[in-house]
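This is what each chain is made of:
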Amino acid sequence: MIECRDLVLGYDKAVTKPFNLTIKDNQWIGIIGKNGAGKSTFLKSILGNLSLKAGQLQVFGKLPGNNNTCISYIPQEREINLADKMSGMSLVMNSYRGWKLGLPWSGRSLQRRVNELIDLVGANEYAHRPFMSLSGGQKKRIYLAQALVNQPQLLLLDEPLADLDPHAKQHFIEALQKIHSHRELGLLIISHDMHEIACHLDAFVHFSSTGVHYCETIECVKEDTYVGV
Amino acid sequence: MWAYSFMQNAIIGGIIIATVCGLISVFVILRRTAFAAHALGHMSLTGAAGAALLGFPSMLGQIILNVISAIIMGLMGDKVKKNDLAIGVVLTFVLGLGAYFLFLFQNNYAGGVMGILFGNIFAISSSQIVQLALMGVSILIVMAIISRPLIFASIDPVVAASKNVPLRLLSVVFFVLLALTVSMACQIVGALLVFVLLIIPGAIGMQWGQSIPRIVIISILSSVGAVFSALLISYHYDLPAGFCITMLLCIGYFVGVVREFIGKLC
Numbered sequence: 094m095i096e097c098r099d100l101v102l103g104y105d106k107a108v109t110k111p112f113n114l115t116i117k118d119n120q121w122i123g124i125i126g127k128n129g130a131g132k133s134t135f136l137k138s139i140l141g142n143l144s145l146k147a148g149q150l151q152v153f154g155k156l157p158g159n160n161n162t163c164i165s166y167i168p169q170e171r172e173i174n175l176a177d178k179m180s181g182m183s184l185v186m187n188s189y190r191g192w193k194l195g196l197p198w199s200g201r202s203l204q205r206r207v208n209e210l211i212d213l214v215g216a217n218e219y220a221h222r223p224f225m226s227l228s229g230g231q232k233k234r235i236y237l238a239q240a241l242v243n244q245p246q247l248l249l250l251d252e253p254l255a256d257l258d259p260h261a262k263q264h265f266i267e268a269l270q271k272i273h274s275h276r277e278l279g280l281l282i283i284s285h286d287m288h289e290i291a292c293h294l295d296a297f298v299h300f301s302s303t304g305v306h307y308c309e310t311i312e313c314v315k316e317d318t319y320v321g322v
Numbered sequence: 040m041w042a043y044s045f046m047q048n049a050i051i052g053g054i055i056i057a058t059v060c061g062l063i064s065v066f067v068i069l070r071r072t073a074f075a076a077h078a079l080g081h082m083s084l085t086g087a088a089g090a091a092l093l094g095f096p097s098m099l100g101q102i103i104l105n106v107i108s109a110i111i112m113g114l115m116g117d118k119v120k121k122n123d124l125a126i127g128v129v130l131t132f133v134l135g136l137g138a139y140f141l142f143l144f145q146n147n148y149a150g151g152v153m154g155i156l157f158g159n160i161f162a163i164s165s166s167q168i169v170q171l172a173l174m175g176v177s178i179l180i181v182m183a184i185i186s187r188p189l190i191f192a193s194i195d196p197v198v199a200a201s202k203n204v205p206l207r208l209l210s211v212v213f214f215v216l217l218a219l220t221v222s223m224a225c226q227i228v229g230a231l232l233v234f235v236l237l238i239i240p241g242a243i244g245m246q247w248g249q250s251i252p253r254i255v256i257i258s259i260l261s262s263v264g265a266v267f268s269a270l271l272i273s274y275h276y277d278l279p280a281g282f283c284i285t286m287l288l289c290i291g292y293f294v295g296v297v298r299e300f301i302g303k304l305c
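Respectively, the protein sequence lines represent chains D and W. The first sequence maps to residues 94 to 322 in my numbering. The second sequence maps to residues 40 to 305 in my numbering.
It is worth saying that the hints were derived from the structure and are not from the lab. Watch out, some of these pointers could steer you wrong.
Pair ranges (Cβ atoms, derived) [stated by the list, open to error]:
1) Leu208/W x Gly154/D: 20 to 30 Å
2) Asp177/D x Pro96/W: 34 to 44 Å
3) Lys117/D x Asn203/W: 37 to 47 Å
4) Met286/W x Leu196/D: 49 to 59 Å
5) Val176/W x Ile173/D: 25 to 35 Å
6) Gln169/D x Val297/W: 48 to 58 Å
7) Leu196/D x Pro96/W: 14 to 24 Å
8) Leu271/W x Ala255/D: 52 to 62 Å
9) Asn243/D x Ile180/W: 40 to 50 Å
Partial pick of chain D residues on the chain W-facing surface, computed with a CB cut under 8 Å [to be verified]:
10) Leu140
11) Lys155
12) Gly158
13) Asn161
14) Thr162
15) Tyr166
16) Pro168
17) Arg171
18) Met179
19) Ser180
20) Gly191
21) Leu194
22) Leu196
23) Asp212
24) Cys292
Ideal placement from N, C-alpha and C gives every residue a C-beta, glycine not left out.
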């Protein structure tokens, strides 16, 4: 799914040392590291939004940016410009193949698909309510449905648990669990609450000052106190 | 009333302009480009003044200047938030230029230029109807082609960018469509009130509609309804059409505000 060879990430300056990494199809990977270690930069580089400082990166066998229709990204910060009365359902519907030209998609098959996704993420109760009136946790589950509407092969989640209360975190993790058991897709998740979702993940990528390492268990990054194991 | 050709032209022209404004105003609000619509209206005056100075029709001057300004605005800021500063810079420059054109023009009759300020729908000629129809159909066709990515990029720009939606190109195309719409709307309500047709129909649509297609339909209906009714009132009571359109749309918006207020109380 993702192949890195002597990859160096960064904006103006490099933020990582050269690293090699292979992530197989449908793996669920937790990305761990201190702030500024290059975690979000890694996700943006996978999308092709940032150019590489050095090395090679292949996503589904192609250069970054060439396969984005099969990747869904939930950014840490975003700007939603919905009208006051528009619902989360509208956000999901209008995100369906939004890159294609033409009139907005509608129809029963899309409606059915969106209903299934809303059900999968457990947002039935409030999917038709005005989106702007929803809580942070409810919005995050709508974002999850939005990310799934284009049937991605890879989900990139940048700190989805940040700013959520324990109850909302639990609901979000349950939604992820359901997605894992119902769908075949890869997942890269950045979180500072990795201990709460570690049991649902296949492996971890640790961004540290010594380099970027692939670990089968979260125990191997135990020395970093912020992981909270 | 219906036998007069000026009234027939006013109604046909008014419906064309109101339909386009109803559609564009939804995106003006969604993309938070109200300031751009306002600025383009003011820039129309400079375009008209420049055209008059060179001996061209004022609408041609408006279109050329508005489209150039729109392209610059679109290129300067591809994200909705950044546009305010970009538009402010372009507006300041163009208004300064307009003041200079009017200074150069002061010894001539400036009626055509001043007509842009307040508009005069009853002065629309048959040839202008053809121009408005061509522009209106072109805008509707382009909007139909780009509507899906434009909606996606407007409501969720960060995720749209991650799907390789060309935000900057869409921004430029939308600003050009907005510029053409402003040039059309100035014929009815003038540069000073163009804001009315580009903001309030969309705002009314958002008060009543819960999805973008419904918002667009309500916006177009309220815009066309207001322009048509305003023309009738204007004819029968000898009131300025621009004033009637503004009042009717503001009343429509106020009804929505009252409805929401009552809804909160119940």
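Going through the hints against the structure:
no., hint, in the structure
1, Leu208/W x Gly154/D: 20 to 30 Å, "holds (28 Å)"
2, Asp177/D x Pro96/W: 34 to 44 Å, "holds (41 Å)"
3, Lys117/D x Asn203/W: 37 to 47 Å, "violated (25 Å)"
4, Met286/W x Leu196/D: 49 to 59 Å, "violated (34 Å)"
5, Val176/W x Ile173/D: 25 to 35 Å, "holds (33 Å)"
6, Gln169/D x Val297/W: 48 to 58 Å, "violated (40 Å)"
7, Leu196/D x Pro96/W: 14 to 24 Å, "violated (34 Å)"
8, Leu271/W x Ala255/D: 52 to 62 Å, "holds (57 Å)"
9, Asn243/D x Ile180/W: 40 to 50 Å, "violated (27 Å)"
10, Leu140, "holds (5 Å)"
11, Lys155, "violated (13 Å)"
12, Gly158, "holds (7 Å)"
13, Asn161, "holds (5 Å)"
14, Thr162, "holds (7 Å)"
15, Tyr166, "holds (4 Å)"
16, Pro168, "holds (5 Å)"
17, Arg171, "holds (5 Å)"
18, Met179, "holds (6 Å)"
19, Ser180, "holds (6 Å)"
20, Gly191, "holds (3 Å)"
21, Leu194, "holds (5 Å)"
22, Leu196, "holds (6 Å)"
23, Asp212, "violated (20 Å)"
24, Cys292, "violated (28 Å)"
Hints 3, 4, 6, 7, 9, 11, 23 and 24, counting from the list given before, are not met by this structure.
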